[in-house]
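Enquirer: Chain by chain, the residues run as shown.
Protein chains: 2
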Amino acid sequence: MKTVVRWEIFELEYSGKLEGNPFLDYHIYAEFEGEHETKKVEGFYDGAGIYRVRFMPSFEGRYKYHVYGTFSKESYEGEIQVTAPVNTNNHGPVGVVEKRYLEYVDGSPYYSVGTTCYAWIHQPEEIQKETLETLQQSCFNKIRFWLFPKYYQYNLKEPVMYPYKRGIKRGQDPKRLEKHLDMKFHTDAKIEDITDFDFYDFNEEFFQHVDRQISRLCGLGIEADIILMHPYDKWGFANMTRECDLVYIRYVVARYGAYRNVWWSLANEYDLMTKTEQDWEEIAAAIKECDCYGRLTSIHNCMKFYDYSRDWITHCSMQRIDLYRHVESTEEYLELYNKPVVWDEIAYEGNIEMGWGNIAGEELVRRFWEASLRGGYAGHGETYVHEKDILWWSHGGILHGNSEPRIDFLKKILEETPGKYLKNSIGISDEVVAIPYTTATKDFNPWIGPKQYYDYEIHYYGFGRPSYRDFDLPEDSQYKIEVIDTWNMTVTDMGIHSGYTRVLLPAKQYMAVRLIKQQSSLI
Amino acid sequence: MKTVVRWEIFELEYSGKLEGNPFLDYHIYAEFEGEHETKKVEGFYDGAGIYRVRFMPSFEGRYKYHVYGTFSKESYEGEIQVTAPVNTNNHGPVGVVEKRYLEYVDGSPYYSVGTTCYAWIHQPEEIQKETLETLQQSCFNKIRFWLFPKYYQYNLKEPVMYPYKRGIKRGQDPKRLEKHLDMKFHTDAKIEDITDFDFYDFNEEFFQHVDRQISRLCGLGIEADIILMHPYDKWGFANMTRECDLVYIRYVVARYGAYRNVWWSLANEYDLMTKTEQDWEEIAAAIKECDCYGRLTSIHNCMKFYDYSRDWITHCSMQRIDLYRHVESTEEYLELYNKPVVWDEIAYEGNIEMGWGNIAGEELVRRFWEASLRGGYAGHGETYVHEKDILWWSHGGILHGNSEPRIDFLKKILEETPGKYLKNSIGISDEVVAIPYTTATKDFNPWIGPKQYYDYEIHYYGFGRPSYRDFDLPEDSQYKIEVIDTWNMTVTDMGIHSGYTRVLLPAKQYMAVRLIKQQSSLI
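Going down the list, the protein sequences come from chains A and B.
Counting in full-length UniProt numbering, the first sequence runs from 1 upward without gaps.
Counting in full-length UniProt numbering, the second sequence runs from 1 upward without gaps.
Looking at chain A on its own, in the form it has when it is part of the complex (with noise of 0.2 Å):
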């Protein structure tokens, strides 16, 4: 009996029908039932006569499976047997706690920082091989792409591949198509540079070349948070009919949905699309119909956020709204949406003539920790102009700029939180004050005081260039105080203290203070 580990994908591979479209006019399911879950998961054709069944099994244990479909007269059956992983990256999907959190289903922390490569797998071989290279020495657990390939400034090459072959031979609107002539962001294109795709026909080496990317990613413990739609398009996939946005949708889970380290983002910035809500709506439903893992679901936005309180959404994938604040009203829109934040989209680290693509690396690494000691997540992106226009955000390759190691720094002493997750325990004050989620947050006006001391607080200053701070400690218990020069990566041990202390601070902006309070045993 063939085994498996937990988490894993276990592919059945089938020979079937050919005749027809067999993307559109067959279909393989199969069911396994194991002790503790039973599934039924939907298929798909690899083109050349091969049907592909994908599962992923959350449980240890024996599972039998049966597969049939129209794709085949025949039906099979077998059995698997799951073992633990031994694999030490393997911990289960993310999915929400707390209904604030991202974490491991196994219960590890997820601490998130992701980055963003738009395009990545649309680049030659060698410009994916480096970008896998880099993702691999950086601290990055997350990455947003899209599946569709990019037209858009500093993207104006033919991508490598196509999702879709050409020849139209069923359904396509032409008259959809040539709406999206009007948008903004392709006015150079032209009706003529719209080919002749078939919306109804997959480029099947197109999808295998990304299972192989995304089991990369798998493989180096990052999140392939697949952007299913986007604007920037010339090719028209945009612009497909409800019809065929709903046979990609299907493809698309059917085919990834089996990878543990699988988010699907239906949009990248929806509000530019010419999609309605109600498209957007019967989008998600397909897709929950068709997950039966149900992954990790949201939308992003451009200029409105999306309604994140809508059920399919389990966490809230934004881009800033306003220019200077946004990470900083992370704990209002914990609250707002009960569902955990990440801030996908808090501009760029870069050099190039849009203001979403030019801040500093110092100012990503203060919307980094803003996000992340208020209880949210944050995104990477890099724009620095490039003789060959090889940008990190869409094309990948090397990294250019200087806040990854930073957020390496950040995401370590995140990993060191007691509890695993921080919160900002004070709404108005000049500092964010985090503390472990797991901590009662006391009442009192940080602004009178006095003060009341958790047992874990980081003290971060952001902008602010403090020469000292002052901590009114209680006399009875004794803390250790750390200062964290969050740019330079240091930890400075400042020794153990009792009541009112000073702590001397070096008048530089991105400081913090970690305060730890000692076990009495050690007083």
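Quick caveat, the hints were computed from the structure, so don't treat them as lab data.
Mixed in with the good hints, there may be bad ones.
Treat identical chains as interchangeable: a pair holds within one or across any two.
Stated by the list, open to error - Here are the simulated lysine-lysine pairs, BS3-like style, with alpha carbons at most 27 Å apart:
id: 1; residue 1: Lys451; residue 2: Lys288
id: 2; residue 1: Lys388; residue 2: Lys480
id: 3; residue 1: Lys304; residue 2: Lys451
id: 4; residue 1: Lys442; residue 2: Lys304
id: 5; residue 1: Lys40; residue 2: Lys411
id: 6; residue 1: Lys508; residue 2: Lys388
id: 7; residue 1: Lys508; residue 2: Lys451
id: 8; residue 1: Lys480; residue 2: Lys517
id: 9; residue 1: Lys508; residue 2: Lys2
Since the model is a prediction, treat every value here as computed from it, not as a measurement.
Position chain B relative to chain A; hints supplied.
Expert: The following block gives chain B in isolation, referenced to the frame of chain A:
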């Protein structure tokens, strides 16, 4: 006949009654009648049997006057001849134009760049002298300060003089005084610190000193934004009875209202005081009643703006109510209140422990640019830790920071504005694009374009670091393009351009680009 310069002070001095409490028991009035105005002004008692009346003529030409009141059995008459200013600093008082901007009454633009030395008039003489020397060499044309002395962190010394004499003679309400011991800003104040000041008996020496300082500021071309009340008190001045407050207000207005550089600020951080809205409205009504010149009047907040739409408020005197977005909302407040927006407190350059007093010079200057280009005004302050606790924000002295020369540079750029005042031309963008207020804003969506160009534009990129910006200028016009480094204070001429133009920038923060359309005769 005595000659007086327009907008300068004409002062009359008389001996009068001494018995009882002359501050309270007698009045002195004067009526001035000129060709263009008739004013009734109230005078004040100045100690030692001397009563004074001050008058600022708003017009040239001959005035007759008549002095009368209970101060004396006598009444007096006379004439003055008002002549045009010869001092180029004398542009008259500052007023409001277009419900948006500040302007001298002679039509000269007033680009307000303020500073803050709250308690400078309470410091030892040599520090006050130093403050005036610093001001003289600085760009500042407004200063905010308190009449009452200050008790707060870094300000624990007794003032050189008090505004009241000691020895309760009548009317002081010890109960009301006790109240302020509950207030957070003087938790270590004790009832015995509240000495026996008589709030009906002014210390004329103190007020004479203030006369001299206001006059010196006037000579330097600096507006005196006099703050009448504030919460940082331990002597009871913040907690006088309504009656005592009004006695004080009338005295101050009678005494200082004739100085053309005087503005009234009812309070600093009114919302930290124990007074009610009714109290503030009564105080405002008293000022309005006594101040025949209609000096600029406002009230300054801590956490919550006062209702700036009130009739008596001539301009918004704002402290930021959010740490991250404030001056960037200038247009919204201009629209909301339909009055000039003066950002009097947007955090200070410095390195003290508190967030409001430890931002970088770079950030303060950025805030000045944001406020100014959006059609508002900003205020400076400096809070560097000092071995003798002399901090500019409160004590004056000398400047230690690096923002002032940059504010001066900004002021010079503002002075080059055609049509005097700027406004932001677009609502949502990654830049501010300031244009002269007289320019009709064209209706276009900056996200879609094509951009409409005005004859004069300053594009400001704030903390962004673009390597270049593209301008799709009209082919049939010529524009002078300049790159402004707002921090290094350079203006680099990039030549004359038409049509599509890429302007290379150094990918640094705090840069701006200025476009100046050339007259057709130059083409």
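Enquirer: Taking the hints in turn, state whether each one holds.
Expert: To see whether the hints hold, each was checked on the structure:
Proximity of Lys451 and Lys288 under a CA criterion of 27 Å is satisfied in neither setting, with 47 Å inside one chain copy and 43 Å between copies. For the identical chains of this complex, Lys388 and Lys480 are neighbours neither inside a copy (50 Å) nor across copies (31 Å), given an alpha-carbon limit of 27 Å. Within a single copy, Lys304 and Lys451 get their C-alpha atoms only as close as 38 Å, which misses the 27 Å cut-off; across copies the closest is 23 Å, which meets it. With identical chains, the CA atoms of Lys442 and Lys304 are at most 27 Å apart between copies only, with a shortest distance of 24 Å across copies and 34 Å within one.
With identical chains, the CA atoms of Lys40 and Lys411 are never at most 27 Å apart, being 37 Å at best within one copy and 70 Å at best between copies. With identical chains, the CA atoms of Lys508 and Lys388 are at most 27 Å apart between copies only, with a shortest distance of 22 Å across copies and 37 Å within one. In this assembly of identical chains, the alpha carbons of Lys508 and Lys451 lie at most 27 Å apart only when taken from the same copy (24 Å versus 40 Å across copies). In this assembly of identical chains, Lys480 and Lys517 lie within 27 Å of each other by CA distance solely inside one copy; the values are 6 Å within and 62 Å between copies.
With identical chains, the CA atoms of Lys508 and Lys2 are never at most 27 Å apart, being 59 Å at best within one copy and 59 Å at best between copies.
Comparing the model with each earlier hint shows violations of hints 1, 2, 5 and 9; every other hint is respected.
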